[in-house]
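Visitor: One line per chain: the protein sequences are A and B, in this order.
Here the first sequence is numbered in this note's numbering, starting from 1 and rising by one per residue.
Here the second sequence is numbered in this note's numbering, starting from 1 and rising by one per residue.
Since the hints were made in silico from the structure, they are not lab data.
Keep in mind that this is a model prediction, so the values were computed, not measured.
Even for Gly, the Cβ is constructed at its ideal location relative to N, Cα and C.
Some clues are possibly wrong.
Listed next, the stretches of chain A that the computed footprint assigns to chain B, with coverage defined by at least 3 CB atoms under 8 Å from CB atoms of chain B [unchecked claim]:
1. 61 to 68
2. 207 to 217
3. 345 to 359
4. 408 to 418
One side only, chain B facing chain A, incomplete, derived with CB under 7 Å [as the list claims (entries may be wrong)]:
5. V76
6. P78
7. L107
8. Y178
9. N184
10. E223
11. I228
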Amino acid sequence: MEIIKNDKTYDVVIVGSGAGGGMATKILTDNGLTVALMEAGPFFDPANPDQQLHLKWPYESPRRGRGSTRAFGDYHASYGDWSLDGEPYKMKEDTKFSWWRSRMLGGRTNHWGRISLRFGPNDFKRKSIDGLGDDWPIGYDDLKPYYDKVDKYIGVSGSKENIYNEPDGFFLPPAKPRLHELYYKKGAEKAGVKVMPSRLSIVTKRINNERGVCYYCGNCGRSCGVYADFSASSCLVFPAQRNAQGRLDLYVNSMVREVAVDKNGKPNGIIYINKEDNKEYRINAKVVVLAASACESARILLNSKSTYHENGLGNSSNMVGKYLHDSTGADRMAFIPDLMNRKTYNEDGLGNMHLYSPWWLDNKKLDFPRGYHIEIAGGLGAPMYGFGFDYNSLNKFFGLEVGGYGDRVREEVKKYYGSTIYFAGRGESVPNVNNYCEIDPDTKDKYGIPVLRFNYKWSDYERKQAKHMNETFEKIVHNIGGHMLWDNEGPNYGLKNPGEIIHEVGTTRMGSDPKTSVVNEFEQLHDAKNVFVVDGGPFVSQADKNPTWTILALSWRTSEYIVQELKKQNI
Amino acid sequence: MNRRDSIKTIVIGSLASGLVLEGCLPKEKEAIYKNIWKYKYGRTPEELQRDLELLNQVFFSKEEMNTIRVMANLIVPPTAEGTIEQAEVPEFIEFIVKDAPSYQEVLREGLQWMDATATEKFGNAFVNCSETERKSILDQVAFANGEKTKEEAFFATMRNLVITGYFSSEVGINDLGYKGNQPNIWDGVPGDVLEAHGMSYDKDWEAKFIDQSKRNDLAEWDEEGNLIT
Chain A
1 MEIIKNDKTY DVVIVGSGAG GGMATKILTD NGLTVALMEA GPFFDPANPD
51 QQLHLKWPYE SPRRGRGSTR AFGDYHASYG DWSLDGEPYK MKEDTKFSWW
101 RSRMLGGRTN HWGRISLRFG PNDFKRKSID GLGDDWPIGY DDLKPYYDKV
151 DKYIGVSGSK ENIYNEPDGF FLPPAKPRLH ELYYKKGAEK AGVKVMPSRL
201 SIVTKRINNE RGVCYYCGNC GRSCGVYADF SASSCLVFPA QRNAQGRLDL
251 YVNSMVREVA VDKNGKPNGI IYINKEDNKE YRINAKVVVL AASACESARI
301 LLNSKSTYHE NGLGNSSNMV GKYLHDSTGA DRMAFIPDLM NRKTYNEDGL
351 GNMHLYSPWW LDNKKLDFPR GYHIEIAGGL GAPMYGFGFD YNSLNKFFGL
401 EVGGYGDRVR EEVKKYYGST IYFAGRGESV PNVNNYCEID PDTKDKYGIP
451 VLRFNYKWSD YERKQAKHMN ETFEKIVHNI GGHMLWDNEG PNYGLKNPGE
501 IIHEVGTTRM GSDPKTSVVN EFEQLHDAKN VFVVDGGPFV SQADKNPTWT
551 ILALSWRTSE YIVQELKKQN I
Chain B
1 MNRRDSIKTI VIGSLASGLV LEGCLPKEKE AIYKNIWKYK YGRTPEELQR
51 DLELLNQVFF SKEEMNTIRV MANLIVPPTA EGTIEQAEVP EFIEFIVKDA
101 PSYQEVLREG LQWMDATATE KFGNAFVNCS ETERKSILDQ VAFANGEKTK
151 EEAFFATMRN LVITGYFSSE VGINDLGYKG NQPNIWDGVP GDVLEAHGMS
201 YDKDWEAKFI DQSKRNDLAE WDEEGNLIT
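One chain only, chain B, in its complex shape:
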């Protein structure tokens, strides 16, 4: 059995045993199974088991998830470049609070505070308020200066997770303009960027660097250690 098969066996074994997925409906099992294969990122069997357990737990209620989605859309509003939904920010936040349980209390209590405040001020749950009303609640806690109140800490935490979740997603990465994570040939900072920054590669330094046209020529040296290929 090769390693890929052995990992599959662990996953399928866990699914079949029902120990990990106890209480799941068949459809949910299928969804979890899909999720596991969506996230294929070089885990050890122990890490895979941990992911499986976390993906099988539910922390936020449907109502809480909806509040998170609405709030996240205010923090990073949708544009043609990308949206909170495309970036799967609510799903990321649901996962991260199970992965790092220290987030749970501050987020849950903060969501409760938002709804309580919304109800008190506007007679509606946060998601049922108008955009202006929602913003007026966020404005109370969005500009913390120095020591944060509990509510300000909630907002700062949620904002961190929303922004990190957005920009680490496929649409967010494109939005940011990150161009890497792919095979390429680095041959220095583009000329127009160098010029804009008043920088240049020193003439006496140029000779030190790789001539990329020879990168595939087998390296050979003379006895003094000078490269001759």
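So here's chain A without its partners, still in its complex pose:
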């Protein structure tokens, strides 16, 4: 097929507009570079009344919010979920991998939980601690200045706690706990579990004059219409556009297929399919920055085959796609009788829990090597589709009749409203070379681009950790007189399928040795100096934290390096 060329050559082409790509766009344009930002989905602005999702009522949707076209519900700010029409992915043998893709400006930062945790000193050096996996080639001190800058620029609410592996930052004050969170605190502390204010990229106090301050509607998952939460669109791409004075071109609905190379095998741009006309186009650039998400960036590299790069670009080590890993997860829910018959008041609060538990134990004394943190949910939430299903099933805990209809419905629905707490353990898995994504030899998507095939198995390290999560939740619930609503039995203890926590990383991992890693400590391909990866791909290990804050800090650091290297004419 003919590739449509354009004479313009950008300094940098960035593929993907989420956390990593958004940050690179901001820093590179602020430093005077010309940038083409490629996004596979449409333009999205949470403040645009036609796209706005926050502050909608359940009855403004004819399905009352049911997740018919969006897996997490009608008002969830993600265009795309575990599956996309015409864009399949495959699995090898009995692998069960779920791959979330948000095709829109800002990507998954529009819908994420805003949990913004720095990796601690130990999180970069796990092999030195337990002998498993690998150390990162950098440490906390290398990243600390960038975490500080991200805190100050984007904003994160939290509190100083002086815990070695949960480093403090520049926090905005956190919000007071809700009632069920006070119950959680009581039960958890009695079980010896540390509880502290959450660290969320939600602006509880004014951070600049371009963004609003949180007004506690609890709708962060819908992407904030006054920009009081961190989304890459509102906090990075829009400010970059305002400041770039024509140096930034945003290409939406543009699906990047591969990195282009010149006749000597040196990358010199990208090739993409314009979804509007289905034709192939080329963007010329001195530097290519991939930020399409860990798996999508690996896919682009693997599909960038040429005589000089027979295995795909950056893959002389055969490591592209390897060491794919997600956070672990196991969930439980409990009924707390003391939370029955509640007086109602506006308890929406922030768009995630106000309190959480960081990892509090020493793995040397346990039968699994890595930790987890605990997230909780509950309270007097908005009644969406699904509210009131099996409306009086909790009667069984009192030996009362279940079922019926009539006047009792109102009474019993109100009796149980807000009386449950949801627990989610989110932990660190051990990266494994045998868990990977690769190009499926037989399947192409609707754009003609070869798709990914996943191969992934959990080990006993993760299963034993999930077992411990369940035991912890049971202790906490027992301490506050509650009842578990389900059990996680069986060999996996409710361990979720890989991909389901949507923290997949590791596919272009960082290292000093080009034989065992894909990028160096500046996220620069060992095999091509002018190509960088700034999404979760370069993570050597995904800590028991959420990855976004580290993606942002790494991308900022890499972007500064790109500016310097271009100045020195090294790339």
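Add chain B to chain A, keeping to what the hints say.
Guide: Chain B in isolation, oriented as in the chain A frame:
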């Protein structure tokens, strides 16, 4: 053309082309058009097209819709707080079975079973039975314990949809007492609620939390990361 105009064009284009609304009378077209603008909730063009197609289909007959309405009124009886009709529960159920077709068979067969049972026992269709007669039919299937029969599964499904439809409506939300979804300042659990639950905010914790009187002061920190504004 801005985005709002482009979405309008898609809708009007679909209406004008007659492809989607084939067979509709002009009045019905107008009603559907109104419906689309009633539900303005940040859809993508693909989602909007899907809604349009579903709103243009009819699943339940007028008789079935009337049975659903009567049954829903028994499940959540009308009060001064709100009614099934105000909550538009039958309309919600009509939409959801097209949105999630797995509901169709169980509901349609269940409605048929109700009428067949009513006719057999009382010589009338369900809606023409007395309230006592209707309740005696519902009572047969409303208290499922463990594994459900087909009829019990029908009732449980209908009850779920009626209750969810009622409480997710404007009147239902007020009835429930949900007070959120509006800009406000959260400053902790109300004092009387804390007291009733024997809870309090620890003294050594209080200082950590936001002083809401300073929320609009631009954040500044010292070098150690201590907030100074």
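Visitor: Does each hint fit the structure? Answer for all of them.
Guide: Evaluation of the provided hints:
Closer than 8 Å: that is the beta-carbon criterion, and the region 61 to 68 of chain A has 7 residues meeting it against chain B, so the requirement of 3 holds. Counting residues of the region 207 to 217 of chain A whose CB falls under 8 Å from any CB of chain B gives 7; the rule of at least 3 is met. Counting residues of the region 345 to 359 of chain A whose beta-carbon sits less than 8 Å from any beta-carbon of chain B gives 6, enough to reach three: the coverage restraint holds. For a cut-off of 8 Å, the count of residues in the region 408 to 418 of chain A with a CB near a CB of chain B stands at 5, and the three-residue condition holds.
For the restraint placing B/V76 at the interface with chain A, the shortest Cβ-Cβ distance is roughly 5 Å, inside the 7 Å limit, so the hint holds. For B/P78, the shortest C-beta to C-beta distance to chain A is roughly 11 Å, which exceeds 7 Å, and the interface hint is violated. Taking 7 Å as the C-beta cut-off, the interface hint given for B/L107 is violated, the closest approach to chain A being about 15 Å. With a cut of 7 Å, the hint placing B/Y178 at the interface with chain A holds, because the nearest CB-to-CB distance is about 6 Å.
Given the 7 Å rule on beta carbons, the hint for B/N184 holds: about 5 Å separates it from the nearest Cβ of chain A. For B/E223, the shortest C-beta to C-beta distance to chain A is roughly 10 Å, which exceeds 7 Å, and the interface hint is violated. Checking B/I228 against chain A by beta carbon gives a least distance of about 11 Å; that is not within 7 Å, so the hint is violated.
The earlier numbered hints that this structure contradicts are 6, 7, 10 and 11.
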